[in-house]
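Enquirer: Below, each chain spelled out in residue letters.
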Amino acid sequence: MNEQIQHSEVEDKTIFGFWVYLMTDLIIFGVLFGTYAVLRGNTFGGPTGRELFDLKGALAETLILLTSSFTCGMMMLSVYENKKNRTMFWMALTFALGIAFLSLELSEFSRFVADGNSWQRSAFLSSFFTLVGTHGLHITIGLLWLAVAMVQVWTRGLTPFITSKLIRFSFFWHFLDVVWIFIFTVVYLLPHAI
Amino acid sequence: MHKVTLKPYIVGFMASLILTLAAYFAVVGQLLVGQLLVVVILALAVAQLFVQAFFFLHLGEEIGPRWKLWAFISTLGIVLIVVVGAIWIMGHLNYNMMASPTEMNKYINSQDGL
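Going down the list, the sequences are from chains A and B.
So the first sequence is residues 1 to 194, counted in our numbering.
So the second sequence is residues 195 to 308, counted in our numbering.
One chain only, chain B, in its complex shape:
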């Protein structure tokens, strides 16, 4: 078992507080707008993921084969594929089915009432 000390918890807690408050005030204070704001708050969340993974979950301190770290990385890969893939595919579906019900009826009627 690796040695657990107080310091990483304090550093991790402070960093998490700063990142959370930064994201909150960026949105509430409208410090940034549009796409840039979205990218910044998502980046702050990802930064906090790494802060907590290393300072609270001690992912970087494994001894020997880093099973936990690699299990984590491959799971993140799966999650990214699922989430990005879902948004991508469903976005295209929405685009292709944009016609309103009335327009749809018109289209079906124009196709000889298919």
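The following block holds chain A by itself, in its conformation from the complex:
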């Protein structure tokens, strides 16, 4: 019993440490949002956000990421209920949705670049690619993390170490969802609203 309490204390510290990392990440995104907000009008004769962004595509990306956040929550429920196969199922679903989101984002990026609207076109596009690209990079790393965790759950089962790792992953994934909501609103919806 005593050992269990000590273990959960260590776990709480690990999770809080990860939380502090997420908070520093939030500051990075905050700074990139500030940069984007300042530079979004500086199109240097290139396309504006209103001309460039396809709202339907952005809505699809948002709904996919939201659903993956939900399946990630379902994964955590299965972890707490100690159901290994069900955990694997929700992990796979979260992974697939993450891949779908990433491929939509990359196809949007490559369309922009093919049309000559890369990050070199204007200050607005530099800040756009930096902000949205940083989020995409986080998603990519999250997917790698999830893939490794899936192999570990498969081979070792839901040990306390892996459970703690999955708790941290779920924070990371929900956090990226929150950041994306602001990208969707500020980057995609706002140019169409003004």
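Take the hints with a grain of salt, since some may be wrong.
If you want the footprint, here are the derived chain B segments under chain A, 3+ residues with CB under 8 Å [said to hold, decoys possible]:
id	region
1	199 to 213
2	229 to 240
3	243 to 254
4	259 to 273
No lab work stands behind these hints: they were computed from the structure.
A virtual CB, placed ideally from N, CA and C, is assigned to each residue, including glycine.
Chain A is fixed; fit chain B onto it per the hints.
Expert: Using the frame of chain A, we list chain B on its own:
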């Protein structure tokens, strides 16, 4: 560890879907215009931040000292200062440097070619 149940995830997911679709259709359908629309979609995003923080990240359910909650609140404070400050200051810079290059040259010439 607090007890995790299905209900908050379902409530959070539904609320997030409703808030996202509300913002999308407010913009696409042009239900509102101008400043009001901007304020409404930003408010919907902030509402969704709180929905996800409480229903997905379980921020309200901490036991004992609420370290996570206060770390989050103070970070939000820093982010607000940085973002609002950047927009404010850079907006003024833009205003003060509004002269076009030709006007700038004229001004410099009028100052005896400084």
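Enquirer: Quick one: which hint numbers does this structure break? Sort them smallest to largest.
Expert: none
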